[in-house]
Amino acid sequence: NAGVTQTPKFQVLKTGQSMTLQCAQDMNHEYMSWYRQDPGMGLRLIHYSVGAGITDQGEVPNGYNVSRSTTEDFPLRLLSAAPSQTSVYFCASSYQGGDTGELFFGEGSRLTVL
Amino acid sequence: QQPVQSPQAVILREGEDAVINCSSSKALYSVHWYRQKHGEAPVFLMILLKGGEQKGHDKISASFNEKKQQSSLYLTASQLSYSGTYFCGTRRWDSNYQLIWGAGTKLIIKP
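Going down the list, the sequences are from chains A and B.
Using our numbering, the first residue of the first sequence is number 1, and each one after it goes up by one.
Using our numbering, the first residue of the second sequence is number 1, and each one after it goes up by one.
One thing to keep in mind: the hints can contain errors.
No farther apart than 27 Å at their CA atoms in a straight line, the calculated lysine-lysine pairs in the DSS-like style are these [claimed, not checked]:
(1) B:K106 x B:K26
(2) A:K9 x B:K106
(3) B:K110 x B:K37
(4) B:K106 x B:K37
(5) B:K37 x A:K9
(6) B:K37 x B:K59
Quick caveat, the hints were computed from the structure, so don't treat them as lab data.
This is chain B alone, in the form it adopts within the complex (with noise of 0.2 Å):
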């Protein structure tokens, strides 16, 4: 069953911040999030393994809440580079090697 991904789309101002959802009907064993521009590959942004990780990198970080099952990504002082859509991938307990997809937050940043 496929994670829901909240807000489906959103635009900021550079400099604005974001939070983007992640939320599973499944109890989750770990959650990913990539980046994907137009026409492009989607590219590894980082995986929460443990229930209440939190991880950054750069001025993008993540949390993982176990118990309520969701994931949140949260863009701070956005830059325009961040623009594209982010895809959180769920791994449930009871399945190996197979990731599900959310459909996506479109996120686009102007100047």
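Isolated chain A, as found in the complex (with noise of 0.2 Å):
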């Protein structure tokens, strides 16, 4: 099984740029999320699904965009890349809720704006 991949492992963007991060998982979960992790601090929730057709926000929703038209793919899209989105992002899924559940990670990927 290839569990939680992400793609890009490493980006490197411009002020203003967009891009989306990709999130694929192959264990029929429904839960799935993306977290942000930064320096000091631990893992901020951003977005999350609970399934097909449900997003909701979480902590640090702003600046970001999600879509869940799969159970499979959780795609985060970055509208307008800010130096503050300097970070590394963890997609991740679980099959309860990711309140009850194991959590499983993705391996990360590192965006870094200029």
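Got two chains here, separate frames each, mind docking them using the hints?
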């Protein structure tokens, strides 16, 4: 099993550019989520989804969009990149809700915004 | 509101024990523990869903004191492989699907 796959692993953007981080899982998990991790801080939830067609905001949703058209895929879109969005992004999925079941994380995507 | 983890960092010799604490100012429904090695994704250790619950995983165990709104992770006879940063994630009673994470405790094990 591939588990949770994120692409790209590294990306450099200029301020104002847009991009999409891809996340796919092959475990048939209903719950998927995006986190950002900054130095000295824990993980912060950006957006999450409890099933296809259903998304909701987490702690830090501003500047990001998501959609969930299939169970497998949960892309994260940066609409107009800002230096404050420089971070490591993790996609995670869970069979149960993300607050009661084990989260399976992707390998992360390191984003630098210049 | 972010739970507070203590200590921020700890250095041990192989075979020594460690305790990592996670405290919240809000009533907690569950506490989750993960370990992250440098440059890697967090890896699940355990979930504590009930106040008073204790769990163990090899020589790593945890307790959850619901009344004090805190959890502790115990690492016994630490091994080199235990090195990494440990994070607690907490779910409050007034939220669904969202974990709020502590800033992490960096554990360094020396031979």
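Structure-based check of all given hints:
1. B:K106 x B:K26: Holds, because 24 Å separates the two Cα atoms, which is no more than 27 Å.
2. A:K9 x B:K106: With Cα atoms ~24 Å apart, K9 (chain A) and K106 (chain B) stay inside 27 Å; holds.
3. B:K110 x B:K37: holds (15 Å)
4. B:K106 x B:K37: holds (10 Å)
5. B:K37 x A:K9: holds (17 Å)
6. B:K37 x B:K59: holds (18 Å)
Hint compliance for this structure: every hint is met.
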